[in-house]
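Trainee: Read off the chains here:
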Amino acid sequence: MNGNLLELAQDIIRRAQAAGATDAECTIAEGEEFSANVRMRELENLKEAGSRGAGLRILIGKHTGSSYTSDLSPEGLEHLVKSAIELGDITTEDPHAGLPDPEEFGAIDGDLGMYSPDIAQLDTAVKIDMAKRAEEAALSSDPRISNSEGASFDNYVGRHIFANSRGFAGEYRSSYCSLSTSPVARDGESMERDYWYTMARSFPGLEAPEQVGRMAAQRALRRLNAVKVETQKVPVVFEPRTARSLLDNIFEAVHGMSVYRHESFLADKLGEKVACDALTVIDDGTIPGLFGTSPFDDEGVASRRTVVIERGVLKNYLLNTYAARKLGMKTTGNASRGLTGNAGIGHGNFFIEKGVQTPEQIIAGIPNGFYVTELMGFGVNIVTGDYSRGAAGLWIKNGELAFAVSEVTIAGNLNEMLQSIEVIGSDLDFRGSVAAPTIKMGEMTVGGK
Amino acid sequence: MQFSDSIFATRFGISRQDLENYLGEALSQGGDYADLYFEYLLTSSISIDESMVKSAAQGVSMGVGVRVISGERTGYAYSDDLAPEKIRKAANVAAHIASAPSKVEKFDLNEGRKHNLYPILVAPTETAFTERVELVKRADRAARAYDPRIFQVQAVYADNLRQVMVATSDGRLSLDRQPLARLSVSALARQAGGPPQRGHSGGGGRVDLDYFLHDKTPEQFAGEAAREAIVMLDSVEAPAGEMTVVLGPGWPGILLHEAVGHGLEADFNRKGVSAFSGRMGQKVASELCTVIDDGTIGSRRGSLNVDDEGQPTQRNVLIENGILRGYLQDKLSSTLLNTPSTGSGRRESYAHIPMPRMTNTFMLAGESDPEEIIRSVPKGLYCVNFGGGQVDITSGNFVFSASESYFIEDGKLTRPVRNATLIGNGPEALKYVSMVGNDLRLDEGIGTCGKDGQSVPVGVGIPTIKIDRMTVGGTA
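From first to last, the protein sequence lines stand for chains A and B.
The first sequence: position 89 = 89 (this note's numbering), numbered continuously.
Count along the second sequence from 1, then add 1000; that gives the number in this note's numbering.
Next comes chain A alone, as it looks inside the complex (with noise of 0.2 angstroms):
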């Protein structure tokens, strides 16, 4: 079955439209995954599967139905086109449904470099043998790193197939290992943990396994023998890690579906000054290697390179076509879904621009403030903006990490935010598809005793 996939969607298409449908799309995934868990040194868990399924999403008119299926066998994709055909039954006839428009369809030619075979090929030893040495690393850094999470090897191998009757088809494989580590670090009644993490579409791109464990460890460490700041006002450094946290809210509020209803801060915004000067968000779904890279979209629309915020003025939103027909503009080929349903709306590799100063150099301007180095919970409302999150992190006093801080609040309007930030980092590094360099922001409420 293995060859057959681009005909066997282009196959489910036919049926579907011979079985009513006026227009119909196509997504089918295959794919392997594995990971080696090792704790306390010893291996603790394998896991080995590979899986596939085919999804279906039918219009009758401008009415839709979708389906989805882990049975391919004949009987099974009977059932699949049936289901969704009977569904186109029940749903609302909806003016803006339909496919892209034929001249949107494409794909970027040439290898983008998301797949390698050396990961399908790698020796389980060898993967478990990272994992150990990444947990090893971590251990053997430091007495007060006594135990541990584990350490974990994992990677996945997969083919995705995309096919509408209007004529679009096209697949493309993808691979990606990780590597990460989560110590415990313990000094007397204070118990902390973190993580690092390598991840790569080929198995040479990982980072040295003694790196991702020594890294983890200085993060658990750094935590040690926190407490909890008086409630006030500071200046807020968030590091590239909960940096990456704000791009997601941003995504949110650029989500063609939330602005289409309203339900976003930077609905009705576009041309307007959003943001500081220093800002510029990027979304890019072509760059050769990164996570967020692929030929088209989950509507055989071709990836492209869209400025969200450029110098703080709102560019773009990022658009499927159905959100781009609700609001008069063109797809931005952000279409995304699993194997059903209509096409969410998906980001390709969303970043940050950076900036000139390096992180050390942003916190020695800094006389009393706060290094977020991790955020919880879900306080943040895309409707109106509001943001309150449990935070964690290192106290700045005079311009140095002085003492640890968790148990705290950070809160503020995003808008506000956006606007306050005063300094964008120089530290900029694609550790998956959101990527930030170092923060800095006005002040912000620290919420504490």
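Honestly, the hints are just simulated from the structure, not real lab data.
Virtual Cβ for every residue (Gly too), placed ideally from N, Cα, C.
Only true hints are included.
Under the rule of at most 20 angstroms between Cα atoms (straight-line distance), these lysine to aspartate or glutamate pairs were calculated in the EDC-like manner:
no., chain 1, residue 1, chain 2, residue 2
1, B, LYS1086, A, GLU30
2, A, LYS228, B, GLU1428
3, B, LYS1137, B, ASP1215
4, A, LYS449, B, ASP1468
5, B, LYS1283, A, GLU189
A few chain A residues facing chain B, derived, Cβ under 8 angstroms:
no., residue
6, LYS47
7, SER51
8, ARG52
9, GLY65
10, TYR68
11, THR69
12, SER83
13, ASN147
14, VAL184
15, GLU192
16, THR231
17, ASP386
18, SER388
19, SER406
20, GLY448
Dock chain B against the given chain A, drawing on the hints supplied.
Mentor: Quick look at chain B alone, frame taken from chain A:
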């Protein structure tokens, strides 16, 4: 349900002998224990937006997960194809974890006792779509009719029917048919000059469709979502700092889920990485607090007749009058700790390794009148509805986000307050519980818990409680 009537026997032709053979292959390289988890899952969902039913989807997923345990090691493999050669292949892959002769000799599969907590003849997933689509349409109409300031309504109805079969090398054969349904409504309101505000409501459980027609109607959920959105139009920013917090009954029980529940899962404690590790028998809450995890409450979202390792669920006392009494155990942790399983082994699907998880977690009622609790607070915050929560089990720090709260001033509820994150430390926070109401309520049936990338449905519950000291993360 008997094995011979199950879909696995009737449609896929699997026999008891096959199960024993697969277990035999799983243990062919050695190992202490093996199990097979078969799953056949039907799902459907219908959503409405801008008064149009824009999306309806249904699907089938099936597969089998094979697990082998050897000492502290677990080997796991799965197949989404139930053909014999594919199951055998998965069994052989999982078998590689072991490398010593197996001590398990004979399986003798027996169907053990189990509850019948959701005796539903026709699951919602098995009803006509024409009936189910009315639920979202009714919700949409009701939310819009609530107040002219409501301008956006979205409602999602989703259900599934999961048929599972677990066969274990210690002789257990368990079958279950697990229906689940949920209706969620979100409403946006605005009035001149101000930003829009959102309200949210929803519920369901292991119920039949009649539940939404008689017990909790779309109009009730829609009215609740619209009410919250309208109330929030006049809300003020949350305060910041330590103060007295009163939690309303029901869904605010998410406090227990985050503050103590996760920290009492046995895997974390076995490894010594939980803030509750080594604290058994110690005082971790005020004596007013008794916290239970109970997977046996009829029709509840978090309930199961058997857990995902085939073990009957039960009622587990976690904290009794403030003293830590028990952990939540799965097969692996209970074997390694030499203690009985508590029926808490759960997994998201056949593609996932089971872990100790919560079911329905709640605090027993106390004796205080809820109104008296509020009257006793000169200045504080009363929180009645929440978004999600999160915990760092090692430090014990947890947060949960209040979507609807009110200031308490001189014992009276005054202005509505929006978006307040509450933060505390698990083994400490409940020590400040000074009053517990007589009004225990379980949530409406909307919770989903995530751990290690696996999501499972759960329930929570709590009476009105007063916490003398908790940090509130606002701006004011």
